[in-house]
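Engineer: Next come the chains, spelled out residue by residue.
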Amino acid sequence: MRRVSKLAAAVGTAAALALSATACGSTSTESSSSDSSDSAKKGKGIALAYDVGGRGDQSFNDAAYNGFEKAKKDFGIGGEDVEPSDGESDADKVQRLTDLARQGYNPVIGVGFAYAKPIEEVAEKFPKTTFGLIDDDTVKADNVANLVFSEEQGSYLAGVAAAKATKSKVVGFVGGVEVPLIKKFEAGFVQGVKDTDKSIQVKTQYLTQPPNMDGFSKPDLGKEAARGQLDADADVIYHAAGLAGQGVIEAVAAKDKWVIGVDSDQYEQKTLAKYKDSILTSMTKDVSGAVYNLVKSVQDGEPMSGESRFDLESGGVGLADSNPAFTEMTELQEAVKKAKEGIISGEIKVGTES
Amino acid sequence: MKKFDKDRLILAVGGPALAIVVAVLLTSVVLVASGLNPVQPYVLMVEYAMHADIQVLILNQAATYYLAALAVAVGFRMNLFNIGVDGQYRLAAMAAALVGASVTLPGPLHIALILVVAMLVGGFWAGIAGILKTTRGVSEVVSTIMLNSIATSIIAYLVLPAQFGEQRGNNLTTGLIPESGWFPGIDLGEAGEIYGFTAVAALCGLLYWLVLNRTRFGFDLRATGASSSAASASGVDARRMVLTSMLISGAVAGLAGMPVLLGDAHTYSLDFPAGVGFTGITIALLGRNHPLGIALGALLIAFLDKASPTLDYNGYEKEIATIMQGLIVMAVVISYESVRRYGLRRQQQKVGEELAAEAAAAGEGDGTGPKNRKEVSA
Numbered sequence: 001m002r003r004v005s006k007l008a009a010a011v012g013t014a015a016a017l018a019l020s021a022t023a024c025g026s027t028s029t030e031s032s033s034s035d036s037s038d039s040a041k042k043g044k045g046i047a048l049a050y051d052v053g054g055r056g057d058q059s060f061n062d063a064a065y066n067g068f069e070k071a072k073k074d075f076g077i078g079g080e081d082v083e084p085s086d087g088e089s090d091a092d093k094v095q096r097l098t099d100l101a102r103q104g105y106n107p108v109i110g111v112g113f114a115y116a117k118p119i120e121e122v123a124e125k126f127p128k129t130t131f132g133l134i135d136d137d138t139v140k141a142d143n144v145a146n147l148v149f150s151e152e153q154g155s156y157l158a159g160v161a162a163a164k165a166t167k168s169k170v171v172g173f174v175g176g177v178e179v180p181l182i183k184k185f186e187a188g189f190v191q192g193v194k195d196t197d198k199s200i201q202v203k204t205q206y207l208t209q210p211p212n213m214d215g216f217s218k219p220d221l222g223k224e225a226a227r228g229q230l231d232a233d234a235d236v237i238y239h240a241a242g243l244a245g246q247g248v249i250e251a252v253a254a255k256d257k258w259v260i261g262v263d264s265d266q267y268e269q270k271t272l273a274k275y276k277d278s279i280l281t282s283m284t285k286d287v288s289g290a291v292y293n294l295v296k297s298v299q300d301g302e303p304m305s306g307e308s309r310f311d312l313e314s315g316g317v318g319l320a321d322s323n324p325a326f327t328e329m330t331e332l333q334e335a336v337k338k339a340k341e342g343i344i345s346g347e348i349k350v351g352t353e354s
Numbered sequence: 001m002k003k004f005d006k007d008r009l010i011l012a013v014g015g016p017a018l019a020i021v022v023a024v025l026l027t028s029v030v031l032v033a034s035g036l037n038p039v040q041p042y043v044l045m046v047e048y049a050m051h052a053d054i055q056v057l058i059l060n061q062a063a064t065y066y067l068a069a070l071a072v073a074v075g076f077r078m079n080l081f082n083i084g085v086d087g088q089y090r091l092a093a094m095a096a097a098l099v100g101a102s103v104t105l106p107g108p109l110h111i112a113l114i115l116v117v118a119m120l121v122g123g124f125w126a127g128i129a130g131i132l133k134t135t136r137g138v139s140e141v142v143s144t145i146m147l148n149s150i151a152t153s154i155i156a157y158l159v160l161p162a163q164f165g166e167q168r169g170n171n172l173t174t175g176l177i178p179e180s181g182w183f184p185g186i187d188l189g190e191a192g193e194i195y196g197f198t199a200v201a202a203l204c205g206l207l208y209w210l211v212l213n214r215t216r217f218g219f220d221l222r223a224t225g226a227s228s229s230a231a232s233a234s235g236v237d238a239r240r241m242v243l244t245s246m247l248i249s250g251a252v253a254g255l256a257g258m259p260v261l262l263g264d265a266h267t268y269s270l271d272f273p274a275g276v277g278f279t280g281i282t283i284a285l286l287g288r289n290h291p292l293g294i295a296l297g298a299l300l301i302a303f304l305d306k307a308s309p310t311l312d313y314n315g316y317e318k319e320i321a322t323i324m325q326g327l328i329v330m331a332v333v334i335s336y337e338s339v340r341r342y343g344l345r346r347q348q349q350k351v352g353e354e355l356a357a358e359a360a361a362a363g364e365g366d367g368t369g370p371k372n373r374k375e376v377s378a
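These protein sequences, in sequence, are chains A and B. End of the first sequence sits at 354 in the UniProt record's numbering; the numbers just go up one at a time, nothing left out. End of the second sequence sits at 378 in the UniProt record's numbering; the numbers just go up one at a time, nothing left out.
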């Protein structure tokens, strides 16, 4: 008796597994398509879908959020920003983008290359919605705007600055997670240092390997790595580690050496005010401006499409000069200026791989 | 035996049911404490999950969770805590994707090859922990956790373009598996596609039940899990059992990445789902290592995962679902223990009653009844 009932139950589960999905006919897209058609015309506002890390990373995602907030205020429109969940697959991202697009948000922006494939799929279904895709240029469609940055160019300038500021002839690079994107920062930085002075040693360290994204979020990891490099005599450290970079800045400030910030002007960041005298400069990556421009283009009725590259020439990347100590170093400033001109004129080619 | 069946059922269902009720109540407390409506989030989630496309997502996710939880459950039955399912499935998926992308074979063969590679790699990775335990007595909890980190590093190394990877934009992939290596799914049009591998996952559950309950090997495994010294005394080689069950656990873990790999992604890239192995532990606990229980647990967790995004659009935080998952884990541990104690008490009571009845019957026979009865009740 027991044997039969247990077996039957097991088979029953299998059947239930197979059938449960067909039980309901409507999809979430169909059921609310009626109310979306109206609002789609006017636009409900901006939708921002984050990648792992999400809002509050003091870096890349936050920069996107700042642009989103600014655009919301300036254009008087609404918006929704959505975070991913752990361990999700492309199917979840597709669902998220579909949800946002059908609710009438325009543009819908995917922050990070992980959205490439999902956007390719969803953009096809919503031809009237503009999709912004940050950090990826592989997906091409009329209604997809690829917002990509030349991080290596800005990092090259950071390298030049570091080479000119170092006294010990040892500089350091701390990368958050070892992914191709962060390698671009490293490649540009190392090239900048070496082009300025071949004899300078560059210490490179990454905090974690993907899919472990702690390297972007845990300051203690950054602190540890920076201490190691300081012990090895480094006196200028460039970090590209998001929130974890705060640990780098803290460690460097404690030793009274130089640190170069990333993404936004970290000299001006309130949370880092205590350490600002050690922040030589920051390699700015204007994600906020990119998001803002995209929203503006949609509001103006001429949505951006295809690849928009934010480089040194357009001011999409660059070095911040809010620290007076930095602007007073005349020799350094000259070298940076020369390098910048060289890159813009095409005389200096900066590689993206080390 | 049959007389106890009703009790057994109550005990089996009581634990998880109690856990879920407690988790829901505690989540509501959290909601009230944050000044939110304590009921509406559940209504919203259930409504959202009524849509066919969300159900497809839930089902597909459940397939992945199910396999991961089965892998954990195999270990649990043997008293082995395989925390390394996470590393095992990722390494297996990466290796399988690499092999799958580099060959072209007729459909079924191609898929079979990918699956074999995945199971071998998963088994191999878990086997390391098994060998360490049997030869050196290293706790599998420690070794599997460490192997997770090592797997992460190995994967990160192997997917570099300098080794086997391909760079696509800012992503790294292992190259696309040719279409012959895609597992056909059930296309539901607008609602999406159910991974064909979901059926394989269900089959694995059936197989798990058959092997554990209807084979000598399964008996040995459960016996060793219950008491390895007793099992040894009856002629079971406990060390071999440890190694074998680790290998099986790893092989099943290797399959956990397959629904996504064969049904959707067709490549291993930097954004391949991670952390599934840990969710598997929750689900195996929740499902009490029973294939049916695990299936329900997998569906429940998948439901929380996939239905929670709607909360974000309705003024709630979707992290409510995460809180609930955490509370379920805690509630499961507590409620199982209390249900177990209740069961124990009940059993003692029953035995006591039976003994008393027997004694009473005997007492009436020889006329010393009252005296005897006193002794029993004392």
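Calculated from the structure, these hints are not laboratory results. Hints should not be assumed to be uniformly reliable.
Counterexamples of contact, computed for chain A against chain B with all Cβ distances above 10 Å [claimed, not checked]:
(1) 83
(2) 96
(3) 137
(4) 164
(5) 179
(6) 201
(7) 230
(8) 232
(9) 296
(10) 311
(11) 313
(12) 322
(13) 338
(14) 340
(15) 348
Which bits of chain A does chain B cover? Going by a derived footprint, with three or more residues having C-beta under 8 Å, they are [to be verified]:
(16) 103-114
(17) 278-292
Incomplete in silico selection of chain A near chain B, CB under 7 Å [to be verified]:
(18) 82
(19) 87
(20) 89
(21) 91
(22) 135
(23) 136
(24) 180
(25) 181
(26) 299
(27) 300
Each residue gets a CB set at the ideal place from its N, CA and C atoms; glycine is no exception.
Engineer: Each hint should be assessed against the structure and marked as holding or not.
Structural biologist: So, going through the hints one by one against the coordinates:
1. 83: Violated, since 8 Å does not exceed 10 Å.
2. 96: violated, 6 Å
3. 137: violated, 6 Å
4. 164: At roughly 30 Å from the nearest Cβ of chain B, residue 164(A) sits farther out than 10 Å, so the non-interface label holds.
5. 179: violated, 6 Å
6. 201: holds, 23 Å
7. 230: holds, 25 Å
8. 232: holds, 22 Å
9. 296: holds, 25 Å
10. 311: It holds; residue 311(A) is separated from chain B by about 16 Å at its closest Cβ, greater than 10 Å.
11. 313: holds, 21 Å
12. 322: holds, 29 Å
13. 338: holds, 30 Å
14. 340: holds, 24 Å
15. 348: holds, 23 Å
16. 103-114: holds (count 3)
17. 278-292: The restraint on the region 278-292 of chain A is violated, since only 0 of its residues have a Cβ under 8 Å from chain B and three are required.
18. 82: Check passed: Cβ of residue 82(A) comes within 5 Å of chain B, closer than 7 Å.
19. 87: This hint holds: residue 87(A) lies near chain B, its Cβ roughly 4 Å from the closest one there, short of 7 Å.
20. 89: Since chain B brings a Cβ to about 5 Å from residue 89(A), closer than 7 Å, the hint holds.
21. 91: Holds. Min distance 6 Å.
22. 135: At 5 Å from the nearest chain B Cβ, residue 135(A) passes the 7 Å test, so the hint holds.
23. 136: With a minimum Cβ separation of about 4 Å from chain B (threshold 7 Å), the hint on residue 136(A) holds.
24. 180: holds, 5 Å
25. 181: holds, 4 Å
26. 299: violated, 22 Å
27. 300: Nearest chain B Cβ about 27 Å off; hint violated.
When each numbered hint is compared with the structure, violations occur for hints 1, 2, 3, 5, 17, 26, 27.
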